[in-house]
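Numbered per my numbering, the sequence shown finishes at 379, counting up by one with no gaps.
It should be emphasised that the hints constitute simulated quantities derived from the structure, not laboratory data. As the structure is a computational prediction, the values presented were derived from the model and not from experiment. Note that beta-carbon positions come from the ideal geometry of N, C-alpha and C, so glycine has one too. A few of these clues could be false.
[Claimed, not checked] Computed list of lysine-lysine pairs in DSS-like fashion (alpha-carbon distance at most 30 Å, straight line): (1) Lys19 / Lys343; (2) Lys343 / Lys13; (3) Lys13 / Lys192.
[Claimed, not checked] Cβ pair distances, simulated, as ranges: (4) Thr361 / Gly288: 15 to 21 Å; (5) Val25 / Ala277: 22 to 28 Å; (6) Ser165 / Ala277: 41 to 47 Å; (7) Asp280 / Gln128: 34 to 40 Å; (8) Ala287 / Cys213: 45 to 51 Å; (9) Thr85 / Ala237: 17 to 23 Å; (10) Arg81 / Leu32: 49 to 55 Å; (11) Gly288 / Gln128: 45 to 51 Å; (12) Ala277 / Cys213: 29 to 35 Å; (13) Leu182 / Ile234: 36 to 42 Å; (14) Tyr256 / Leu230: 19 to 25 Å.
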Amino acid sequence: MKLLAWLKSEPVLVAAWALALISAFFVPPDAAYADYLDTRTLALLFCLMAVMAALQGAGLFHRAGEWLLRRTATSRQLEACLIFLCFFASMLVTNDVALITFVPFALEALGMAGLTQRAIPVVTMQTIAANLGSMATPIGNPQNLYLYSRYHLSAGTFFTVTLPYVALSALLLLLFVLAQKPRPIQAPAFSTSLSYGRARFCVQAALFALCLCAVARVLNVWIAVAAVLAGMLLADRRALLRVDYALLFTFAGFFVFIGNLGRVEAFSDFLRGMLAGREVPVSIAASQALSNVPAALLLSGFTEDAISLVIGTNLGGLGTLIASMASLISFKRISLALPEARGRYLGYFTLANLAFLAALCALWWILR
Numbered sequence: 012m013k014l015l016a017w018l019k020s021e022p023v024l025v026a027a028w029a030l031a032l033i034s035a036f037f038v039p040p041d042a043a044y045a046d047y048l049d050t051r052t053l054a055l056l057f058c059l060m061a062v063m064a065a066l067q068g069a070g071l072f073h074r075a076g077e078w079l080l081r082r083t084a085t086s087r088q089l090e091a092c093l094i095f096l097c098f099f100a101s102m103l104v105t106n107d108v109a110l111i112t113f114v115p116f117a118l119e120a121l122g123m124a125g126l127t128q129r130a131i132p133v134v135t136m137q138t139i140a141a142n143l144g145s146m147a148t149p150i151g152n153p154q155n156l157y158l159y160s161r162y163h164l165s166a167g168t169f170f171t172v173t174l175p176y177v178a179l180s181a182l183l184l185l186l187f188v189l190a191q192k193p194r195p196i197q198a199p200a201f202s203t204s205l206s207y208g209r210a211r212f213c214v215q216a217a218l219f220a221l222c223l224c225a226v227a228r229v230l231n232v233w234i235a236v237a238a239v240l241a242g243m244l245l246a247d248r249r250a251l252l253r254v255d256y257a258l259l260f261t262f263a264g265f266f267v268f269i270g271n272l273g274r275v276e277a278f279s280d281f282l283r284g285m286l287a288g289r290e291v292p293v294s295i296a297a298s299q300a301l302s303n304v305p306a307a308l309l310l311s312g313f314t315e316d317a318i319s320l321v322i323g324t325n326l327g328g329l330g331t332l333i334a335s336m337a338s339l340i341s342f343k344r345i346s347l348a349l350p351e352a353r354g355r356y357l358g359y360f361t362l363a364n365l366a367f368l369a370a371l372c373a374l375w376w377i378l379r
């Protein structure tokens, strides 16, 4: 029963392996299956998730947020803090971790400040901020890490592509904040302390630096894996239990499915023809139904236009609730904290996402 409940909570994982199994009927398992898995991407994901789980469990991000919030004096400053915390944090700790950490934090802070009625717009903007801020770096979200590794992009190329969209996103978020009427508030008071000693924190910081070196291809990824495993076993074994292994297995399932599709000539030719010159709109559309991580995994098997996939799958995270799986984190938190507001949240979320998507698509049209 526990296994069934877990599978129900991981629909993307189930779908990935269902597709992999179906595709195996058309391409029976053979030695070529071993070449499907992008082990470097899987290893990098594991390392980053383990280190982020340790730092999050230690209360580091929550503590940093508290430090900023203690310096707010108006409702506008509070909202700006909560939204841009997600925007900038997601660049380094991923959009998922930013939302898992700062959405509950925002709901608590807004409640303490007597601003619960602002929860829907603030959490919506936090979600948009995390999804768009994460576009800035190769480690900001899983699809960036995969595409950066899969196509051997340079850091310079990646940042040149993403910077205009990140800058416009920041401007739009700032305009949203400035449009709010400032009201004096009492800064929320928290009492969270770091659960780590300085030595353990230094270990995790060093491991994060090693992860960045591995992403930049300065360090062999398997050395990073060995270091992270050793460091976690010594400093924080529980963090290894908090790694999102379902995401790793989801990637593996899609790798098998994509590998098999590539060997079915008729389907491969169809997808390549559909994508040719239309990578950005197709990846945006695919993300609305599949979510942007699966869309990146699927479409990368049939085009060499890495730049367009980076743009399309990141912009594609806007739109429907499932366009980015990270958005479900916010929806679940709102549903728990304000169950009566789920419908209003979904409506506001969809309209706000479509507005941001339209603005960023207009920028793509101008720059292309």
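Could you tell me which of the hints above the structure violates, numbers in ascending order?
-> Checked against the structure, the hints that fail are numbers 3, 4, 6, 7, 9 and 12, while the rest are satisfied.
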